[in-house]
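**Q** Assemble the whole structure, with the sequences as input and the hints as a guide.
For the record, the sequence lines run as chains A and B. All letters in the first sequence, in the order written, are residues 1 to 530 by the working numbering. All letters in the second sequence, in the order written, are residues 1 to 578 by the working numbering.
Each statement offered as a hint is correct.
Which residues of chain A face chain B? A few of them, derived with a C-beta cut under 8 Å, are:
id, residue
1, Arg145
2, Leu252
3, Phe256
Pairwise CB distance ranges, derived in the manner of DEER restraints:
id, chain 1, residue 1, chain 2, residue 2, range
4, B, Gly244, A, Asn440, 23 to 29 Å
5, A, Phe234, B, Lys39, 41 to 47 Å
6, A, Glu54, B, Glu71, 21 to 27 Å
7, A, Lys209, B, Asn132, 47 to 53 Å
Quick list of in silico lysine to aspartate or glutamate cross-link-like pairs, EDC-like style, CA-CA up to 16 Å:
id, chain 1, residue 1, chain 2, residue 2
8, A, Lys515, B, Asp180
9, A, Lys202, A, Glu186
10, B, Lys577, B, Glu470
11, A, Lys246, B, Glu288
12, A, Lys286, B, Glu316
13, A, Lys487, B, Asp241
14, A, Lys470, B, Asp176
15, A, Lys98, A, Glu409
16, B, Lys292, A, Asp142
17, B, Lys553, B, Asp525
18, B, Lys538, A, Asp210
19, B, Lys292, A, Asp240
20, B, Lys203, B, Glu417
21, A, Lys487, B, Asp243
22, B, Lys553, B, Glu524
23, B, Lys218, B, Asp401
24, B, Lys533, A, Asp208
25, A, Lys230, B, Glu317
26, A, Lys209, B, Glu537
27, B, Lys538, A, Asp208
28, B, Lys69, B, Asp89
29, A, Lys487, B, Asp239
30, B, Lys59, B, Glu41
31, A, Lys470, B, Asp178
32, B, Lys533, A, Asp210
33, B, Lys499, A, Glu235
34, A, Lys295, A, Asp492
35, A, Lys148, A, Asp207
36, B, Lys538, A, Asp146
37, A, Lys286, B, Asp318
38, A, Lys179, A, Glu357
39, B, Lys226, B, Asp212
40, A, Lys470, B, Asp180
Calculated from the structure, these hints are not laboratory results. C-beta atoms are modelled at their ideal positions from N, C-alpha and C, and glycine is treated no differently.
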Amino acid sequence: MRKSLLIGLLIGSLGWSVGAHAQTDYPTLSQVNQRLQKLGSNSSAELTSLTKTEGGKDIWVLKVGTGELDQKPAIGVVGGVEGFHVLSVELAIQFAEKLISEHADILESTTFYVFPNMSPDAYEQYHAALKYERRGNAVSVDHDRDGKPGDNGYTDLDGNGMITWMRVEDPTGDFVISKKDDRVMEKADRSKGEAGKYIVLKESKDDDKDGKFAEDLKEGIAFNKSLTYKFPIFEPLAGDIAVSQKESRALLDYLFDQWNIFAFVTFSPANNLSSPLKYNAGEARKRIVTSILEKDQALNAMVSGVYNETISEKAFQQTNQGTDGDFFQWAYFHFGRLSFGTPGYWTPEFKGKTNPEENYLAWADSLGWENVYTPWKEIQHPDFPGKKVEVGGINPFVMVNPPFEKVGEIAEEHTNFILKLAAMQPKLEMHNIKIEGIGNGLTRISVDLFNNSPIPTHSQMGESSRWLRKVRVDMNIPADRIISGNKIELIDVIGAYEKVELSWIVNGKGDIPVKAGASHVGFVNATFKL
Amino acid sequence: MKTTKLIVGLAFSALSLTSINANAQEKFFQAVGTPYNPKVEIAFNRYYTYEGLVDNMKKIAAAHPDIAKIESIGKSYQGRDMMTLTITDFSTGKDTDKPAMWIDGNIHSNEIQGGEFSLYAAWYLTEMHADNEFIQQLLKDKTFYITPTINPDARNDFFNEPNTANSPRSGMMVLDNDGDGLAGEDGMDDLDGDGHITMMIRKSPTGRYIKDPQDPRKLIMVGADKVGEYEMLGQEGTDGDGDGRVNDDGVGYYDPNRDWGWNWQPDYIQRGALRYPFTLPENRNIMEFVMKHPNIAGAQSFHNSGGLILRGPGAEEDVSTYNREDIRIYDAIASKGEEMIPGYRYVTVYKDLYSVFGGELDWFYGTRGVFTYSNELMNSYLYFHKEGQGRRNQDELFDVDQLLTMGDAFVMWHEYEHPQFGTVEIGGFKKTFGRAHPGFLLEQDAHRNAAFTIYHAYHTPKLSVMDVKEEDLGGGLKSITATIFNERLMPTHASQDLKYNIERPDYVTISGASVVAGFVVEDEDFNKFSEQKLNPEKISVANIPGMTGVKVKWIVSSGSNYSITVDSAKGGKASWKK
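**A** Pasting the structure below:
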């Protein structure tokens, strides 16, 4: 009996290690699902499908924790926010795998929600016969609003199974070939009187004959462009109504019922970990708040410091701090939680190059990476008869997703960061308990409720949100024994390493159990012995 | 000769009247403008529960199958069907092929009479149709989608459960109003069991009030140097959860009119908002219905009270959304409304009421380009035809109840042994007074507001193809020019619609001719045309403005028996045949 269990474990771990080594590219959706099922079979993890997308794909949540999961502060880890960012899915899953197999001790104090892939319909395009960087789900949408949905997507003009770019020789174009790297197209420098020579477009035809190219894609709504914060209404991939999609509604409905999440870590192009969001007093004071609040910026800067100590790669050109309708900003501005985002990977600065494509190609060359670039090749284009049209440029996916063999190290470092963030979570303690008889059977009880953490119980934004509970202190004795002080005390916020002084006068004898906390900061229990 | 004919004619018409309505004639005679012998009898001097409204709607659909049908557009939070009447002359085309008017009421559940007013509009249109030429033509041209209550759960709660005139404003979803982690643990307590939550007062040596010696209903403050007799304890109720506050966590707190998707903002910015736009199933059902009915060009959402015809923007931040051309149309229709409904004023929400995000009328206009008003029904002007101060003028309300409603609106102070306050007195105005019309004012105001929505609907676009001209160009070619005329105030595309390409263009199609080239005519006199290279036989026109038209032109190589059709999402269809 014991023996067979041991053999089973051996086979299990063997199978895992073989699987891990065999993997040379980002997993397919079915491989993702298999790994999630395996994780879900662990006693500390529960795998749930929140909904199925229009494309019939599951939206998974893996809830990891022990004991009273909902009474402990929790971190949400989100991947697949952008479908083309396949790295993000792998980072979320590897985090979950490492958490369960190597860091299960942290589940004593913290619960984790892992949402590995919010864009499975778009994710599939990475493995499809025609590969392109896709954002939208499988819903039919009329992006160019001409009355016909999806009638001008991409066309694989050179038949290489990928959508890259096309350049059309045309004196009215505003692009030229880069002088530093003739593989790269760059804008003509008008300030120096330079004339353009090329029109540059995504590889496509004008299918609907409206003079525009690839403006009505054969994909639906992008998860990361359709949430409520700065919702870019009527724009392509956003649609007419925020949170209109099955996956976005299912996720938000789920999150609004999970009261214990105090922070999110989102793997997506937006980055407030390499450097924090910038506070703007004017924008923070308006009715519609569009700047991080002042105290939260300081908190963001502190966490950012921890990130930069943990991640070995130095930040370069990390200027995306959120885009309209995205998830990362929603989690802070509309859900009141601490929200941290990172792409996990970027091209490091290489030989002082400032053009991102030149920088990327020079770096890829130095590492001998192949299949990152399609040489420009002339083709016949039906919409440009008699003109020279060439297809080529940097291949899809490669600039935002590293070769798979690099993922292990990135996942390791980011797992460490998330664990450090968890270790910093708000922590309530009771100190300086004083129980004094004041005569005639009356007792005065005083106590300091202390937050032993560099993170406050509520972000400044969270203080004004209905969707974070207040810290609640309950005296579990009949109300008529309490002469002064409240049986139920609600506290808006306890700052980092700050305390709130509480005091009651009670009548009579007998133990008084007291409970203080909120699900997103945890609870502390004490018994006052009278 | 002439006289004889006239007399014979008169005799004939009198004869026909008597023979058709012989029985009716004996008992009643038609008052102008009202269906006097309707197929469906509805009393418009009382209120109807959800079931009462639906019962009447079903009767209307059953009695007028050629012009009315009823359907459920989805379920409410508690599972009630949200019933909608579609009213149009089905013999002249599908409802979705005609410009349509959306009418709803009661989004705030205590604002009840929107239900009766919407029902009145449906009843009036269907019952007048047989005899009234204007209504006949209207229903040939237009469609009405009428949903009397879009908050059916809480409508019934307002009537059937204890409430004030202001509760419940939300639906029946129970949330944690007081932030203690518990939901709905301290709701209304109808201590005296009369169905109305009124006020509590208590005798107190430190109280600052006395009962008015000339009118014991009124509590008045004593002079600064006088000793009072009573203190105010607030709303009738108890502290159900022991937190020291009375009735502080009942149903709701949210506001269904902060749940709509144009410039939606979360609760910390816009109190009353929920999770995301259309969190509420009731609003989501309407949104989905409207998205599936792009023919909706006008909308009215009835609220109470104050006697206002409201237009957006709801939020000051949206001022630029409503541009000059559209405001001109809003102004033209609403200023007519001010004449039609005495005492009602036409105002703009954000500057005359309050600045608010996520409202229904802003969604209809902002996201769908639909010209929309919300009428705030009931106005104290209706009581004595004097400019009063509305519900705040207590003295006027006491006078109304004494002179016009004979004491029916007030619960007289009576003693009650309260578990927390000791002996108190409970009394005050009933929930059905103040915001709601008294019965004798209901029908008239319903008619006036229905007439306004009919006028509003009348001015949705009406398209026709006219002035088709041919010109021989030689070489077997000829040009055909046609004018597409819109004979009503509203354009097929509001300027908000044009700004964002909300709705597809209007299509003007020629068939039965071989088209060589097609153009929208920009200036006929100076030969300015914009050519459409792809599919020139089906010209896309961005907009057909109101009270004028657009011209299109084709060059054709053959075809003498051609026809021209117009297909507009909000403007309906029209055709012309040579």
